[in-house]
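A.B. asks: Use the sequences and the hints to build the structure in full.
So the protein sequences, as listed, match chains A and B. So that you can map any letter, position 292 of the first sequence is 295 in the working numbering, and since no number is skipped, the others follow by simple counting. So that you can map any letter, position 122 of the second sequence is 125 in the working numbering, and since no number is skipped, the others follow by simple counting.
FYI, nobody ran anything at the bench for these hints, they're computed from the structure. Mixed in with the good hints there might be a few duds.
The list makes no distinction among identical chains, and a pair is therefore deemed to hold if it is satisfied within one copy or across any two copies.
In the DMTMM-like style, the derived pairs of lysine to aspartate or glutamate whose C-alpha atoms are separated by at most 25 Å in a straight line are [claimed, not checked]:
{"id": "1", "residue 1": "Lys183", "residue 2": "Glu225"}
{"id": "2", "residue 1": "Lys183", "residue 2": "Glu93"}
{"id": "3", "residue 1": "Lys183", "residue 2": "Asp206"}
{"id": "4", "residue 1": "Lys41", "residue 2": "Glu6"}
{"id": "5", "residue 1": "Lys249", "residue 2": "Glu193"}
{"id": "6", "residue 1": "Lys78", "residue 2": "Glu294"}
{"id": "7", "residue 1": "Lys41", "residue 2": "Glu181"}
{"id": "8", "residue 1": "Lys182", "residue 2": "Glu102"}
{"id": "9", "residue 1": "Lys41", "residue 2": "Asp85"}
{"id": "10", "residue 1": "Lys41", "residue 2": "Glu83"}
{"id": "11", "residue 1": "Lys78", "residue 2": "Asp206"}
{"id": "12", "residue 1": "Lys210", "residue 2": "Glu53"}
{"id": "13", "residue 1": "Lys78", "residue 2": "Glu93"}
Every value quoted in this text rests on a predicted model; they were computed, and no experiment measured them.
Protein chains: 2
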Amino acid sequence: MLELRHLRTLIALQETGSVSLAAERVFLTQSALSHQLKQLEAYYQQPLFERKTQPLRFTLAGERLLALARDLLDKVASAERDLARIRQGEAGELRVAVECHTCFDWLMPAMDSFRQHWPAVELDIVSGFHADPVGLLLTRRADLAIVSEAEPQAGIVHQPLFAYEMVGIVARDHPLAEKKVWQAQDFANETLIHYPVPDEMLDLWRKVLLPARVSPLRRTSELTVAIIQLVASRRGVAALPFWAVKPYLERGYVVARRIGEQGLSSELYAALRSEDAGLAYMQDFLSTVRERSFATLPGLTVLEG
Amino acid sequence: MLELRHLRTLIALQETGSVSLAAERVFLTQSALSHQLKQLEAYYQQPLFERKTQPLRFTLAGERLLALARDLLDKVASAERDLARIRQGEAGELRVAVECHTCFDWLMPAMDSFRQHWPAVELDIVSGFHADPVGLLLTRRADLAIVSEAEPQAGIVHQPLFAYEMVGIVARDHPLAEKKVWQAQDFANETLIHYPVPDEMLDLWRKVLLPARVSPLRRTSELTVAIIQLVASRRGVAALPFWAVKPYLERGYVVARRIGEQGLSSELYAALRSEDAGLAYMQDFLSTVRERSFATLPGLTVLEG
DNA sequence: TGTTTTGAATGAATTTAATTCATGATTATC
DNA sequence: GATAATCATGAATTAAATTCATTCAAAACA
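C.D. replies: And the structure:
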C-alpha cells in the first residue's frame, strides 16, 4: 500500500537522478531504496522508471506518481505548519546573520517562501560581515547565524543545513586547466580571486592554503559574476561552490577542477540559541532552507548532525 | 513521521466515532490504533481528540489533520486510477445486476462517482428482479451482481462489500415495541410488510422465519417510505436495514428493535466472473462502493473475504 | 450505590515489515 | 576491454508496528 515514505523517495529520486544519491538524501542505503522501488512497481504492476539511463527517466506512470508526490508533500508541509501555529502561536522574530557571500543565492528564495508561510514572524537579515556571528546570537542582535563550522559553544546549538563541493575555476586555456585535480602548491604562483571577507572565512584558505603554508597573490571582488569574469580574462583563479559556477561552466566561460584528491567540501550549519531550537517557525525555516536548496541547487549532499 | 496510514486512521475515526470501531474498519485491533494515535499526538506534541465523549471530538489540530487526510486520500485515489488506466486502458463495460431494493440507495451515489472517474466505461444497471443473478454473469448479460450470499461457484468470485444489521420496525404504540429483542415467534401473529421479491431473497425469511417454520400474513410494497408508512399506521411490522430506517427513527415515526439475540446481520457481496476480477475499473468500482457507503451509511461493518 | 458492561490505555511479547549487509549483475567510462 | 560506478538480489538483521493480556476509567444498569 502506498505511503508518504514512497513519495518522499520519488522526490529524492527526481532531484538526484540516481538511486544511490536519492538513498543518501533520504538517509537510507541504496539497497533499501532498490527494494522499496521494486515493491512499488510490483504494487502498481508496471514500471515507474527506466534505469538504463543516467539520470534515470520516469515512465508515464512514474511521472503521475511524482506529480502526486509534489502535491501531497506540499500539503503535508502546509498542514504541519498550521499544527505548529496552533500549538505555539505564530508570531516571533527571526533575524538571520550571514557570513558567506554565496549564501544569499539560496537564502533569498527560502526567505521568500518562509515569509508567505509565517507572515507574523518578523524576518530580517543582519547585514554586514561580522567576524563573530555567534556572538550576535548571544548578544541577541541576531536569532540565527549561517556558519561553516559547528564549533560547540555553551547555549548554542548547530543544525546541519547541507554540504557541497568547492571547485577551482580557471580560464579554459590556462595551464592549470590541464590538471584534473589541484593541490595547494598549484595556487602558489597564481592570483587568487575571492570575496572581501576575513581569511578564516574562506574555506580554501582555512582547509588548504593555510595548512600547506601557501600564500598566493590576492584580489577581491564582491560579486560572483565579477569573479568569474576576472577568471575568464586570465586575471587569476578562484574557488567557488560548484552549484554557483555550474551555469557558467555550461556556457564554457571557465572550467572547474577538483581541489585535493577528495575534493574540497564546504559545510553549512545554522547556529541558534538552544532556547530557540524548539520554536516552530525556527524549525520550519530550517526545513524550508533545506528543502528549497536541495530542490534547486545541483550537487548538494546531506549533512548529518 | 506522518504516513498515509495515519490519515486513513483519522478518516475511520471520524466515520465511526470511536477507536474500537475505527480499528475494525481499518482491519487492526483497538490497541494498535490506540498506540498509533498516541504516537501521532507525541509527534505533533499536542492532543488531536477529546476521548471523554462519545462520539469522540477532534481538537482544532485534529480537524486540520482530518482535512489534510480527506484531501490527500482523494488525490491518492485519483492518481491510482490514472495508473490503472495507464496500465490497461480505460474502456470497458460494467453492467450491474441488483437483487435487493435498498441496494439502490447506496448504489446510485457510487455509480455517479464512478461515472466521473471512468467516463469511457459503459456503466449500466440490469433492471428487473432475477431469481438467479449469477446466471446473468455466466451468460454474459451482466458483469457484476450484488448478492447477499457468497455461494462458491465455478468461474465466479465473490468480493465482500460490507455488512449491516436488519432491524424490526413497528409503530411506537404497538405491543411489540415493548420487547427489546424479537424472536421468530413474535412475527407469528403480525402482518409482515416487505418488498415484492422472492422469499429466498428476504433475509428475515431465509435466516429467521423459515428455520422456525413461522409464516405470518404478508403484504408487499415497492418503496421504503411506503413500508414505513404502513408500519407507522399499524398495518404490520417490517424488517429493514438499520441505515435505511435511521432517518425515520429520528423523527419518531416508528421504533426499531433487534431481531434475535445477536441481531440479524445482512451481508452484501459483489459477484463477478473470475476473468474480470483483475480489471482496474472493476476493482475501482468496488472500492468506490465501499468507500462511499462507509462514509455515508451509519452502522456498517466490514466484511472479510 | 454497588455492579456490570463497554471503551480506551498500557507494557510486554510477538509478528511483520523495513532496512542493511554482502555480493553478483549490469551499465557507463576511459 | 578493463575498471569503476551503479543497481539488483537474497539472506540476515534491525526496527517498527501490531497483538495479547491486562488494567483503568467511564457509562449503563439494577
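A.B. asks: Of the numbered hints stated earlier in the document, which are not met by this structure?
C.D. replies: Per hint list: 1, 2, 7, 8, 11 and 12 violated.
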